[in-house]
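Residue numbers (this note's numbering), protein chains in the order written: chain P, 113 to 502; chain U, 2 to 454.
Just to be clear, a hint being listed does not mean it is correct.
Computed cross-link-like contacts, SDA-like style, restricted to lysine to any residue with a CA-CA straight-line distance of at most 20 Å [unchecked claim]:
#  : chain 1 : residue 1 : chain 2 : residue 2
1  : P       : Lys-415   : U       : Arg-444
2  : U       : Lys-119   : P       : Ser-247
3  : P       : Lys-452   : U       : Asp-359
4  : U       : Lys-186   : P       : Asn-257
5  : U       : Lys-190   : P       : Gln-181
6  : U       : Lys-186   : P       : Ile-438
7  : U       : Lys-405   : P       : Gln-181
8  : U       : Lys-190   : P       : Lys-230
9  : U       : Lys-201   : P       : Phe-417
10 : P       : Lys-415   : U       : Cys-83
11 : P       : Lys-270   : U       : Asp-194
12 : P       : Lys-452   : U       : Thr-135
13 : P       : Lys-425   : P       : His-442
14 : U       : Lys-133   : P       : Ser-247
15 : P       : Lys-346   : P       : Phe-234
16 : U       : Lys-186   : P       : Gln-399
17 : U       : Lys-234   : U       : Arg-444
18 : U       : Lys-186   : P       : Gly-445
19 : P       : Lys-230   : U       : Asp-194
20 : P       : Lys-230   : U       : Ser-98
21 : P       : Lys-260   : U       : Asp-194
What the hints contain is simulated information worked out from the structure, not anything from laboratory work.
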Amino acid sequence: MTITRQKGLTLAKEIYTDRDKCVRELRKESKKIVGYICLYPPVELITALDLVPFRVFGNMREPITAADQVSTTVVCPFLRSIIDLGIKGKYNFLDGIVGAHTCDIGAGLISQWRDFVKDSPFTHVVDVPHTDNPSSVDYFAGQLNSLKRHLEELAEMKLTDARLIEAVALHNRQRQLVRDLNDLRKPESPLLTSVENLEVMVALFSLPVEDGNRLLEEVISEVKERKDKSAKKKARLLMWGPVFDNTSLYELIESTGASVVIDDTCVGTRAFWADVKSPYNLNALAQHYLVDIKCPRTYRQSKPFETNRNYDKDLDSRFNYIKKAIADWHVDGAILQSVKYCDTHGYEVPNLRHYFDTLGIPSIYIEHDYSERSLASIKTRIEAFMETQG
Amino acid sequence: MSAIAIPFATNQKRGINRLKSVYPLRTLVQQDYLDAIQAASEGKPVVWAMINWWEGDIPLKAMGLNIVYPENYSALMASSGCAEVFLDAADSDGFPSHFCGYGRTTIGYSYRMMTELKGMIPPEVPLGGMPKPTLLLGSGLYCDARFKWFQALARYFDAPQWCLEMPMMGTFEATEPDLETYQIKFLVKQLQDFIAFLEKLLGKKMDWAKLEELIDLAVKIHDTNWQIHELRKTVPGPMHSIDFWSSMPAALFFAGDMKLSLKRLQDMLAEVQSRVNGQIAAINYTERYRIVFAELAPWHSLKIFDNMAQRGWNFVYESDPYHAPRPPDLSKVSDPAEKLARLCRNFIFNVYPFAIADNIANPITDTYLRIAKSWKADGFFLHPLISCRAATANLRSVQYLAQKRLNVPSLWAEGDIIDKRVFNPHDVLNKMEAFEQTMDHNRKIRKSNGLDW
């Protein structure tokens with residue numbers, strides 16, 4: 113597909129700025145666009161059925177107004193923003209939307225979408241177990257089979273093994289390319305800023321996988337050839353938390369002279385650390401999404417049937433992938449961010465900060481209401497945190 | 002609890018006509034807490050469990066374990082006026098103040114117990130308190146907090162944990178033909194794993210005959226409970242929401258001895274039936290308005306319901322997720338684990354066919370609309386909670402669709418289950434007169450539309 117004459121980082125910024133431009137064009141070519149919320153609806157199934165996956169985000173700049181009719185103010189403002197945009201018709205280019213029980217409000221959002229968003233011909237919510245033991249994986253595979261059957265109706269075609277294998281390979285290629293992109297921030301002077309990184313990531317979630325992979329190859333090539341190396345950063349930070357799909361927070365941090373060099377967020381690395389394992393089938397997808405993606409929405413223990421529990425051991429078993437990232441990216445400090453009313457992430461914060469303490473990594477927790485205006489007060493806190501970093 | 006100043010006479014007779022049979026039921030839960038303290042003093046295990054809609058309760062009881070329920074206990078702390086200190090303690094330990102009031106109270110309680118009091122029970126709490134847990138049993142059903150907050154308690158207790166599973170899905174996804182089969186298979190395996198875990202933890206085997214006996218008792222308890230609440234459709238309503246909340250532990254988590262619970266619920270059924278026969282209302286005033294309450298009550302300010310009863314407001318139904326539905330027919334199921342799986346699954350999925358028929362994607366919203374029709378509600382009292390997403394998220398949908406489809410209006414009163422600082426009873430009482438006019442107006446519209454209430 114020819115999206116635009118732009119390439120690489122310029123193209124990423126263009127898509128970041130106007131996310132639905134490409135998929136609206138694709139729709140004119142009779143492609144069906146399937147929106148999905150959060151990381152848990154397997155995009156491979158959408159791609160394999162010749163549908164275009166499009167990750168649905170909110171809009172931090174758009175005041176929430178229409179959602180007030182059907183949604184209370186004490187739930188996740190990110191999800192409220194999505195239903196608000198849906199009711200206002202701003203996702204009218206979607207042929208359907210898929211959600212998952214990643215959190216209670218997220219699952220309920222799809223019901224709201226069906227009940228209150230006009231022109232929503234296809235909705236589906238996948239039930240995701242809370243635990244990651246083998247019977248939960250089996251159950252989740254059954255849920256993916258239900259999704260597959262429903263998507264087949266939308267696509268008006270049957271999913272073949274060959275198509276699924278091809279789609280998984282393409283998405284695994286994307287996972288590898290994202291890991292390669294992340295590696296460009298390992299040097300003492302990161303080759304890529306966190307703002308640029310987020311623009312690329314948001315663009316990936318807005319494009320068919322083949323176009324996303326091409327974009328990643330261009331960006332990696334472009335960045336590797338950069339002549340003007342950035343200065344050594346005042347601090348190398350890790351960002352943790354749920355969705356943050358707007359560059360404003362990263363711009364704010366970069367303005368202090370620090371840089372976010374790695375993240376554990378669901379617009380960043382979280383979906384890309386691990387590949388779907390072979391053989392590529394629904395069970396492999398279930399295993400990947402439920403077990404390999406490390407989101408706090410899933411209840412994990414250091415080992416199943418554990419009758420002798422130890423707090424520190426438990427924390428290490430749940431978060432040691434972050435410890436590895438801290439070592440590999442030479443992280444000096446951590447910013448834990450969460451959108452207000454996010455229970456799955458919020459309950460982790462005191463324990464995760466304790467874990468960072470044990471690693472000698474200073475941390476700060478900031479909470480926002482998914483609006484740009486809330487960042488003004490956060491700026492002061494981040495500047496104060498940076499002061500403590502010397 | 003601070004006294005509530007009400008804008009009308011205080012020397013009137015009591016508003017609510019309480020059921021006498023509710024008091025023996027209420028003592029069951031009180032006894033559970035006292036028994037847990039006694040068990041701990043004898044070195045026996047004590048479980049802290051989330052409300053789990055019977056999936057964990059019955060196996061735990063079959064293993065002879067003492068169970069306390071922090072959600073229920075937090076409500077007790079709120080009603081006894083001692084919760085705020087624990088809310089503040091949770092805040093000080095880094096937990097956001099908009100988290101579940103039950104969770105924050107329990108976290109604060111645990112923090113105070115393990116950090117400030119070196120393992121001793123805080124002296125200011127009611128019924129002797131909750132002793133240190135041997136096991137933390139979370140549940141993924143209904144809200145994320147109910148397994149995440151127990152996971153967070155690991156910073157205070159090294160007690161082992163378990164998280165129970167229960168499928169929750171959209172209305173229309175539940176029409177898949179093979180869904181029930183593989184959900185039951187999943188739940189049976191989960192129960193087998195849970196029981197194996199309990200056996201390993203306790204060093205003894207499950208008494209499967211006892212488990213089956215308790216499942217059969219559970220079915221009888223739920224059936225009796227269901228019959229009671231069906232009678233509440235009668236005009237005037239014979240049982241007030243306050244009596245439901247006081248008695249609900251008997252069917253919600255099988256407080257006390259289950260045989261005794263069944264007997265006492267049967268007594269309650271007889272009393273409610275006699276009120277129906279005698280057309281005796283649950284309030285001591287003429288029933289002017291029939292109100293449905295959603296979802297969780299302001300436990301710190303229950304006195305307000307008496308004030309509302311004095312104006313003829315009868316709360317005829319409430320808090321639907323805390324009601325046990327009519328149990329399924331399990332007579333052809335022989336495996337106790339499958340029996341339990343089917344009993345529990347029915348709690349979630351029994352309402353789905355109605356939601357499909359009504360073309361509403363959220364089954365809880367649809368349930369409230371059906372309740373409004375069946376219980377002939379004049380209005381909803383909606384209580385959105387600052388600290389509870391699960392009990393609040395769909396209330397706007399209920400409000401919107403109840404008005405649009407049924408001409409049943411809603412009174413919107415923000416508050417909290419625990420934190421009385423964010424609930425203003427004066428504001429609620431001041432809104433009553435205007436809301437009565439709204440209900441009167443909508444009653445006329447309903448009748449002109451051919452509806453029968």
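* Looking at the structure, which of the earlier hints fail to hold? -> The structure conflicts with hints 1, 2, 3, 5, 6, 8, 10, 11, 12, 13, 14, 15, 18, 19, 20, 21, although it agrees with all the remaining ones.
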